[in-house]
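Colleague: I would like the entire structure built from these sequences, with the hints used as guidance.
Taken in sequence, the protein lines are chains H and U. Numbering of the first sequence is given in my numbering, commencing with residue 1 and proceeding in unit increments. Numbering of the second sequence is given in my numbering, commencing with residue 699 and proceeding in unit increments.
Each hint should be verified, as a subset may be incorrect.
[Unchecked claim] No farther apart than 20 Å at their CA atoms in a straight line, the calculated lysine to aspartate or glutamate pairs in the DMTMM-like style are these:
no., chain 1, residue 1, chain 2, residue 2
1, H, K418, H, D446
2, H, K142, U, D1137
3, H, K101, U, D1006
4, U, K779, U, D761
5, U, K1067, U, D1006
6, H, K101, U, E1140
7, U, K857, U, D761
8, U, K1244, H, D565
9, U, K898, H, D287
10, H, K221, H, E82
11, U, K1067, U, E930
12, U, K1067, H, D111
13, U, K1067, U, E1086
14, U, K779, U, D790
15, H, K354, U, D1006
16, H, K418, H, E402
17, H, K221, H, E255
18, H, K121, U, E887
19, U, K898, U, D972
20, H, K101, U, D972
21, H, K101, U, E724
22, U, K1268, H, E190
23, H, K121, U, E924
24, U, K1244, H, D111
25, H, K473, U, E930
26, U, K898, H, E587
27, H, K221, H, D175
28, H, K473, H, D446
29, H, K121, H, D111
30, H, K473, H, D287
31, H, K653, H, E619
32, U, K933, H, D344
33, H, K121, U, D1251
34, H, K101, U, D1247
35, H, K121, U, D972
36, H, K418, U, D1257
These aren't lab readings, by the way, just hints derived from the structure by calculation.
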Amino acid sequence: MIRVGVDVGGTFTDLVLERVEGARRQVFTHKVASTIADQSIAVVRGVVELCAIAGVQPDQIDALFHGTTVATNIVIERNGAEVGMITTRGFRDILHMGRHKRPHNFSLQFDVPWQSAPLIKRRNRIVVDERILPPDGRVEMKLDEDQVERAAELFAERGLEAVVVGFLFSFLNNDHEMRAAEIVRRVLPEAFVCASSEVVNTIREYERFSTAAMNAYIGPKTKRYLDNLQRRLAGAGVRAIVRIMQSNGGISTVEQASRNPVGLLLSGPAGGVIGGRWTGAACDQRDIITIDIGGTSADISVIRDGALTIKNPRDTEVAHLPVLVPMIDIDAIGAGGGSIAYVDSGGAFRVGPKSAGAEPGPACYGKGGTHPTVTDAQVVLGRLDPEHFLGGGLAIDPALSEQAIRMHLAEPLGMSVKDAALGVLKIINNNMALAIASNSVARGIDPRNYSLMAFGGAGPLHGVALGEMIAAKNVISPLHPGITAAMGLLVTEPRYEFTQSSLAILQAAGAAELAAVNGVYDRLKEEAAAQLAADGIPPERQKFERVAECRYVGQGFELRVPVPDGPFTAESAQEMARRFFAVHRTEYGHAFEDQAVQMVTLRVIGSSESDTLMLPMLETGGRRNPSEAALYARLTTFDSGETIQTPRFDRMKLRAADVVVGPAVIVQQNSTTIVPPGYAATVRKIGDLVIARDMQEG
Amino acid sequence: MGQDMDRTIDPITLQVIGGALHAIAEQMGNVLYRMSYSSIIRESQDLGAGLFDLDYNTLCESDSTPMHIGSIPGYLRGIEKSIPKDSWRPGDVVIHNHPYYGASHSPDIGIVMPIFYRGELVGFSANTAHHLDIGAATPGLIIDVPDVFAEGMLLNGLKLAEAGVRNETLWRYISGNTRVPGLVMRDLEAQIAAAELGVKRYCELMDTYGRDTVEQAAAQLMDYSERMLRREIAKIPDGDYTAEGFMDDDGRTRDVRLPIKVTVRVRGDDVEVDLTGSSPQVPTAFNVPFEGSTKVACYFAFRALLLDTYTNQEYIPQNEGSFRPVKVTAPLGSIFNPIAPAACEARFNQIQRVVDLIIKALAPVLPEKSTAGNAACLSFASYSGVRESGDYWVLIEVNEAAMGGRPHSDGPDTIEELMRNTRNNPLEDLGMHLPMICDRYEIRDDVFPGAGKYRGGMGVVKSQRFLTPGFMTHESDRNEDAPWGIFGGTDGVPARVRIHNAARAEEPRDVHAKFSGMRAELGDVVSYLSPCGGGFGNPLERAPAKVLDDLLDGFISADHAREVYGVVFKPVSNGYGWGLDEAATEALRAQRRVA
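Modeller: Here is the structure:
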């Protein structure tokens, strides 16, 4: 069995290959430069090279798992399809008005992204006669099919590649939407066509239409990318099944991803969180805060009792546009190794969100960057050794870092270069710590019970400082910090979600309502089972999870509540209400136990256990600061301001149960882990490091 | 900061504490709107939350609705009249909404909790939220009422909980005096939860850094915000800048226009807004509380103009510092500083206009930061009725409008402008629980926006149909005074309010912008058509491609494009109908420029 994981980032494409033959397990990793114009070129190049490294032929690969930023980039760069929309007469501009709130409070010159760069231009939004009425979905006015046909013909004349059908109240009754979509598909057989209720069948028109519009906007291009990928892979002799990472942390077939590309918007960062969960399990930790620190941004997520945090579907947005699809709760902030530090016009010391990126990159790259970055601060403080920077593959010049910090920070602020560099780290770490706090403490999660896992190439440089700021239990530096996301791809499972809005009061549900709820759940489960079966997963390996999004009657925001197994009865409804109170208390600190609770959206998640990745166990060392792994010592400045002669250790020579006591710097290809004085790093069975206060020092 | 901000606290700790304060305010705001029940709070987010020091200076405030930001210090000063500082106990919860004691207006109820740290009072955690109904003369909103007592419950610095023990009598009193206790009482709970969170987080911050450091940092952050604003004020040439406009009427005496006059006096790095010359106070609720509303509007105007968060990269902390350089003057007895017991609940349209007139007054010296005339109004609609059960239903809805053209971009269409920034109610959500149905919610198509190099924003049209008999009050303005064009741009379009009955084949009839307690029949449809913004700059300089976009998107007609913009189209066969005739456009524009 040979499986390959490929994670495409803005700078690098990371790859992992796992080969299992009987009891023999081998893992190989590789990194190639990403090809921005067509990611699939680097993917295939990387796969072919990795096969050579592993000594296998491309046609021996059984399965290939892929995390991609293609869909996200289309949205950010706004180069998606020209899309047409057919909508209810009287409501042509729902997508133009949004929720009518402007993105800036204190601004007159602000931009309104959904108006200045709309997913569907007004000229291509055409209204037709039809009317469905709440609360029961009855038809007040029948759909005018001729108008639909004429609109579709006009779209054909205009050469549009994609069409959305979005009618008001279609979550109650989608007959009109489905009929209109059928007509459009007939007139435009080549186009990407979707009805809003097919993409996400939930209440709130702007959010539903926006989700459908996004799906259509990225649809044609994403499909072309996936087709290219399959074609190039086949050309290189790869005959593996291909699976794509979705935003909800599950994988999907290429066909499903092409039909519903809106589920891929977090395909890139999701792999990192899954990899973080898997590393945590290897370290016997089930409560983890992950932070993936790259060049320009850091992605934060929380794993609670081994479970991913799924974002409340009311809050899911991409590029200021609502996208109501299940997503792992990943908070991205503009803080990374390339973040630029500067003194603003009012004299304040700032770091980020502007980044030097990969080009020109930090000052020390010598590629024309003159502004000091977080990486330059690390270099000046002696934490990043030039000979180990990206495995020695990139020459860096510490003098340029020092010059940039002196000129732009130290001199204007009247402080030493060392203090300025320490300040850069303190401010960037604080920004990250605040973001972690708003994703944890602010939601009733006590970081003192959590491990902080800092990964991405720069992660382990910041890990201990962040762990200290948020008072985490300990800090984990995974074995391969730079390719955690690619490894995550090899431990994920297929995961499909199906939803339907169906409003019922939990405490007062009568027989008819219970029957309706059971009916919806049965239907959603059938859909999920059909999708899993289509993926070749036999019934005995199919798993189903039921969730209801609930609120107090009258509230506007729902919380996710797991539904008890078995038929939905009056007792299960009461149990749901109790669970809702608990969730409400966790989220907001209060719960009203005498209030009626309403289910709003029902959801079934179909999944299947998949193979997991097994890394080879290390020999047991049990040594303290093993001299066999020691390299050399060099002056290094820590956050306290102390500059100490600090030994370097080669991570690849550490064995299980070895302990490295700080001050120490542990180096490996692509990453450096800092162990400050007073801390000790313990090597776990497959090579992950768990760093905590050194108790032996007392 | 190297020079004067690091004297006592290093710049790094300062950033850390500044970030933490901002995060606390945001969390308070989030808890409040997510937990609350009424759509005016949970969907519209008509609220504010923050932390305040012992002198009632704003340390931080949530990024919610600008009207609320800056109003809470007024509440605290008003409360001090009934609760001196030495009368606070840990666990107190005070409720306040008296407009003559600092409240923004009576429906914006403030909830305040003292923050005690190691036994000493160190500050206040507070928030305000717009409540759906406080038992006024008409459900939800009021216009034509005789005095402040007709606004409903006046809660003047009352302890809703004392030392942690809830005052059940007061709780029952409030519950018994609103038409929708199920929503109002739960919203109050959400406000208390948000205030408690602020108390807890501020104490934790002091645990981490020490009280002295936190207070010193807060003081320095206020100085920083003040300095950033003063530096921008100093760049404006000294002088008196004036602009004038008028409001339709006071909601009772029709056809008597109410003048609004704004004089901006710039002296060095100080600025004064003088509203002398504006209308005397009026006998309806169409007056503006001075402390909680008039002043707040003026503070907002200078932040938005001079420290625009879109054009300035740096985050300027939202605190007291940005209020200090701005002095506000309004004669006692005027519409902007009424004498008790004048009613003063319906104040939003007037303060929107103050902000717009400040922009207009300064536009000649700040062309790069200004806008053409904005809609600068507010359509605040209260729909209500009695269910078969005998319970009231009340909906308050804010209808958006549009902005004027700007130096480098068109005025945004259908948007919350200036002092407001609420979210609309999803039509599908309303339809599920109210006996109303929306028949139309679109961009206006009966008029063209103000023309210019950058055009004005398009207004909205929204039509709501009553499915049972009910009541309606509409607080609005600007049916008469169109938003102005500037630097060669043409004027925008005033608002319209129209009513017809869907069951009868009748033409909609135009009504005044304001009406109180109208009895609606089954099938009555009320349509609001908001103003459209004025144009910025000469229309002949507008990029022809943008004019073509406007034509294809249905914002203008081909005739309008030719007459006003000097742009000529020719038929094309790509499915869109029209393309640019570049040669004819060039010729026509050359001819126009000569003329």
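Colleague: All hints are to be evaluated individually against the structure, with a verdict given for each.
Modeller: Tested hints:
About 33 Å separates the Cα atoms of K418 (chain H) and D446 (chain H), which puts this hinted pair outside 20 Å; it is violated. Only pairs whose Cα atoms come within 20 Å are accepted, and K142 (chain H) paired with D1137 (chain U) is accepted, the gap being roughly 16 Å. Between K101 (chain H) and D1006 (chain U) the alpha-carbon distance is near 17 Å, which keeps this suggested pair within the 20 Å criterion. Distance hint between K779 (chain U) and D761 (chain U) is unfulfilled; the C-alpha atoms sit about 29 Å from each other, more than 20 Å.
Of the supplied pair hints, the one linking K1067 (chain U) and D1006 (chain U) holds, its CA atoms being roughly 8 Å apart against a limit of 20 Å. With a CA separation close to 16 Å, the supplied pair K101 (chain H) and E1140 (chain U) stays within the 20 Å bound. Between K857 (chain U) and D761 (chain U) the alpha-carbon distance is near 27 Å, which puts this suggested pair outside the 20 Å criterion. Between K1244 (chain U) and D565 (chain H) the alpha-carbon distance is near 58 Å, which puts this suggested pair outside the 20 Å criterion.
Pair hint K898 (chain U) plus D287 (chain H) does not hold up; C-alpha atoms about 25 Å apart against a cutoff of 20 Å. Restraint check for K221 (chain H) and E82 (chain H): the C-alpha separation of about 11 Å stays at or below 20 Å, so the hint holds. Taking the CA atoms of K1067 (chain U) and E930 (chain U), the gap is about 11 Å. The hint holds against a cut of 20 Å. Our distance criterion of 20 Å between C-alpha atoms is met by K1067 (chain U) and D111 (chain H), whose separation comes to about 14 Å.
For the suggested pair K1067 (chain U) and E1086 (chain U), the alpha carbons sit about 54 Å apart, so the restraint of at most 20 Å is broken. The straight-line distance between the Cα atoms of K779 (chain U) and D790 (chain U) is roughly 16 Å, inside the 20 Å bound, and the hint therefore holds. Distance check on the hinted pair: K354 (chain H) and D1006 (chain U) sit about 18 Å apart at the alpha-carbon level, within 20 Å; holds. For a cut-off of 20 Å, the pair hint linking K418 (chain H) to E402 (chain H) stands: about 9 Å separates their Cα positions.
Under the criterion of a C-alpha separation no larger than 20 Å, the hint pairing K221 (chain H) with E255 (chain H) is consistent with the structure, at around 14 Å. Restraint check: the Cα-Cα separation between K121 (chain H) and E887 (chain U) comes to about 43 Å, which exceeds 20 Å; the hinted pair is violated. Taking the CA atoms of K898 (chain U) and D972 (chain U), the gap is near 41 Å; set against the 20 Å cutoff, the hint is violated. At most 20 Å may separate the alpha-carbon atoms for a hinted pair to count; K101 (chain H) and D972 (chain U) exceed this at roughly 30 Å.
Our distance criterion of 20 Å between C-alpha atoms is met by K101 (chain H) and E724 (chain U), whose separation comes to about 17 Å. This hinted pair does not check out: K1268 (chain U) and E190 (chain H) have alpha carbons roughly 30 Å apart, beyond 20 Å. A C-alpha spacing of about 43 Å is found between K121 (chain H) and E924 (chain U), which places the hinted pair above 20 Å, so the restraint is violated. Taking the CA atoms of K1244 (chain U) and D111 (chain H), the gap is about 16 Å. The hint holds against a cut of 20 Å.
The suggested pairing of K473 (chain H) with E930 (chain U) is violated, with an alpha-carbon distance near 47 Å, which exceeds 20 Å. Between K898 (chain U) and E587 (chain H), the direct Cα distance comes to roughly 15 Å. Compliance with the 20 Å bound is thereby established for this hinted pair. A threshold of 20 Å between alpha carbons decides the hint, and for K221 (chain H) with D175 (chain H) the separation of about 29 Å lies outside it, so the pair is violated. At roughly 10 Å between alpha-carbon atoms, K473 (chain H) and D446 (chain H) fall within 20 Å of each other, so this suggested pair holds.
Using a Cα cut-off of 20 Å, the hinted pair K121 (chain H) and D111 (chain H) holds, with the two alpha carbons roughly 17 Å apart. Using a Cα cut-off of 20 Å, the hinted pair K473 (chain H) and D287 (chain H) holds, with the two alpha carbons roughly 10 Å apart. Taking the CA atoms of K653 (chain H) and E619 (chain H), the gap is about 10 Å. The hint holds against a cut of 20 Å. Our distance criterion of 20 Å between C-alpha atoms is met by K933 (chain U) and D344 (chain H), whose separation comes to about 18 Å.
Between the alpha carbons of K121 (chain H) and D1251 (chain U) the distance comes to roughly 7 Å, so the proposed pair stays at or under 20 Å and holds. About 24 Å separates the Cα atoms of K101 (chain H) and D1247 (chain U), which puts this hinted pair outside 20 Å; it is violated. About 44 Å separates the Cα atoms of K121 (chain H) and D972 (chain U), which puts this hinted pair outside 20 Å; it is violated. Restraint check for K418 (chain H) and D1257 (chain U): not satisfied, since their Cα atoms lie roughly 67 Å apart, outside the 20 Å limit.
The earlier numbered hints that this structure contradicts are 1, 4, 7, 8, 9, 13, 18, 19, 20, 22, 23, 25, 27, 34, 35, 36.
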